[in-house]
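Based on the provided sequences and hints, a complete structural model is requested.
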Amino acid sequence: MTTTTESPRPAASSRRLMEGAEAIATAAIAAGCRFFAGYPMTPFTEVLEHFARLLPDAGGVCINAESELEAVGMAWGALATGARAATGSTGQGLSLMQESFAEITLAELPLVVFNMARSQGDYFQATRGGGHGDYRHIVLAPMDIAEAAELTQLAFHLADMWRHPVLVYGDYLTAHMQEAVSVERIEFGEVPAKHWALDGTLGGTGRSGIVSPLGFGKLGQPAPGIERHLRNIVAKQREIERREVRVESGWVDDAETVVVAFGTPAKFVRYVVKRLRAEGEKVGYVRPITLWPFPYDAVAGAAAAARTVATFELCAGQMVDDVRLGVAGRAPVVTIGGISTDGSGFGVGPLLDAEIIRERVLAVHRGGPDADLPPLPLNDRA
Amino acid sequence: MSTHIPVGPVLDTTGPPDGARKVGDLKPDLLLTQEHHMCPGCGEPLTIRVFLEAIQELGVAQKTVAVCGIGCYTSFSGTLDVDLVQALHGRAPSVATGVKRMLPDSVVFTLQGDGDMVNEGLQEVLHTAARGERVTCILLNNGVFGETGGHMTATSVLGQRTKNTLDGRDAQYHGYPILIGDLIAQLQGAVYVARGSVHNAGAIARTKKMFRRAFEAQIRGEGFTFVEVLTMCPTGWFIPTADGPDYMTETLGEVHIMGELKVGGVVRSTEELHTENVRRAEEAAAAKARDLAAKHE
Ligand code: SF4
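Protein chains in written order, with my numbering: chain A, 5 to 386; chain B, 197 to 493.
Honestly, the hints are just simulated from the structure, not real lab data. Check before you lean on any hint, since a few could be wrong.
In silico SDA-like links for lysine to any residue, alpha-carbon gap of 20 Å or less [stated by the list, open to error]:
| # | chain 1 | residue 1 | chain 2 | residue 2 |
| --- | --- | --- | --- | --- |
| 1 | B | LYS259 | A | THR205 |
| 2 | A | LYS198 | A | MET165 |
| 3 | B | LYS259 | A | GLY208 |
| 4 | B | LYS259 | A | GLY86 |
| 5 | B | LYS223 | A | GLY210 |
| 6 | B | LYS223 | A | THR209 |
| 7 | B | LYS223 | A | MET165 |
| 8 | A | LYS198 | B | LYS259 |
| 9 | B | LYS259 | A | ALA201 |
| 10 | B | LYS259 | B | GLU249 |
So, partial list: chain B residues that the calculated Cβ filter (under 8 Å) puts toward chain A [as the list claims (entries may be wrong)]:
| # | residue |
| --- | --- |
| 11 | VAL261 |
| 12 | VAL278 |
| 13 | VAL281 |
| 14 | SER290 |
Glycine included, every Cβ here is placed at the ideal spot set by N, Cα and C.
Printed below as a string of structure tokens:
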């Protein structure tokens, strides 16, 4: 699916001023999430706080896990019973969870993960399957709080549709900014019944169940075996790549310079491009909403007539690899973002500034791929 | 001095002795097959039989969920006739937590070895115990990584020879064994902690009682329960199969003292357990001597 317009927003009357972390927890619960476990770490901490406050009243459980390893393990157990369950952290905390992520994917459990990241340098971790083996997680990257609330609900839907983990990639601003949003349950349609879920009732019947990443079942029940199982997972991922691409783009048809960005920075880029267009500059943007599957076709299409494709990322440049794969030599690809952070390393740096982004876009728009970029602004207190 | 050497077999080996049963005849109903992949003399299948019997006798088979770790025993995950989640090495207690929190009326247990629980996942089991999670963690403790071919674990005893402690575990070089049951007994959230074994019929009967008590405490919602079972691993100990039970009691059993370590939230001292074990051994020896004397009369 390709969206080229902004998502429809609910009527102003039903909106409430909410911190992003609260919007995410509220949306997850509206989507039916009944189990959450996490370990506090800035800027993810408030997501955990809101789940801890809201889940018990919704009939769910939120556990302040003793570490990220426990958090993801607990979610694994809850998922095995058929519950909608989630965990999260920053990219650092998610590094600790990767072994479980890899195996949960093989166990085909619909885990939802929230990364309130400290930079966009978790792109590889998120999109390459940061653990062992041939897996990818569906990755949704909201640009603001309203979209975070929407994509949170979509995450639970997609996870159940595909029996596959989905990661929501936010940042400090996603978690901590306040926006007027409305969170009501969104109906995405039916999901397959969870025949595989365990409730303990089949013991001693000869038909007891097993939830395992290893591709084997109970004696006498059909099971693929490990090799076929691994291939099946990859085949499913190919299907997800075909069916679940989401992207927004603007003014790309005649753009000489195309800027690709995701998440919060993409909202800044979109604003900058819109202003430059109003000034008559032929620039456009592509905003991947799913980082995996990556919108290679949209990027290729946008690059067809462009002189330069630029990526703006708040890290040294990771998504640029995917952009190059999409552009496939149709145009030169440069990266105009960079590392930028506050003194605590939470990723709120001076580069996330519309004027500064504008200068950098204009530099490549006027000077082409070899143009000298203005020096990266430095946070003196960093 | 002349020695009497018997001529010919002293036992009739032309058929099974009277009253003998094949191992498969003892298969508990909650196992889908009598076949397994364990080595001869392994203590793990015995332990599995015993806790399955306890589950069945308590009538909770149809509300039980197992969470299995990674070790030799993992090959039972496809043949235990209870709902089962296969977890990662070390992580079963957290997975069990998630299961229990979503199914509070079920009986949830983990099945882990010493490498899984005490090496890889030590913090998991300790936190789960401290949290008073209403699950039962079962430890198959043989003091060695059996599945990888005989390497030292956190519970290997001093002097124990393994593939990576060729001259025996040396405290100065390899550190000391963790007495995990004793450690868990100290945590407030743990209400029942026991260490059994399966090296002879009496031990098996006592271990079964331990499983029953642990599951009963879980069903009553009292808190975390823990049953450690010292199991024979002749392969990983590099000894003849038949020597397993004696080797176990003389090495592992001397360090990881058997008995109920905590009952009803009250911790019992190692000395107390040791005294109890010595008394039991003396009684058994005396009974054996009496039998022998009676036979010769
Ligand atoms: S290696 Fe040891 S634990 Fe593993 S099956 Fe053989 S005897 Fe049992």
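Agreement of LYS223/B and THR209/A with the hint, judged by alpha carbon distance not exceeding 20 Å = holds (16 Å)
**Asked** Does the nearest C-beta of chain A fall within a distance shorter than 8 Å of the C-beta of VAL281/B?
**Response** holds (5 Å)
TODO: With a cut-off of 20 Å on the C-alpha distance, tell me whether LYS259/B and GLY86/A pass.
DONE: holds (15 Å)
- [ ] Verify the proposed pairing of LYS198/A with LYS259/B, using a straight-line Cα cut of 20 Å.
- [x] holds (18 Å)
Between LYS259/B and GLU249/B, is the straight-line Cα distance small enough, at 20 Å or below?
holds (15 Å)
Review point. Holds or violated: LYS223/B with MET165/A, Cα cutoff 20 Å?
Key: Roughly 40 Å separates the two Cα atoms, so the pair is violated.
| Residue hint VAL278/B, partner chain A, criterion CB-CB below 8 Å | holds (4 Å)
Take the C-alpha atoms of LYS259/B and GLY208/A, compute the straight-line distance between them, and say whether it is at most 20 Å. holds (10 Å)
| Close enough to count: is the Cβ of VAL261/B nearer than 8 Å to one in chain A? | holds (4 Å)
- Message: For the restraint on SER290/B, tell me whether the closest CB of chain A is nearer than 8 Å.
- Response: For SER290/B, the interface hint holds, since the closest Cβ of chain A sits about 3 Å away, which is under 8 Å.
*Take a quick look at whether LYS223/B and GLY210/A sit within 20 Å of each other, Cα to Cα.*
holds (14 Å)
Practice problem: Would you check the hint for LYS259/B and ALA201/A, treating anything up to 20 Å between C-alpha atoms as holding? | Solution: holds (14 Å)
Violated hint for the displayed structure: number 7, the only one.
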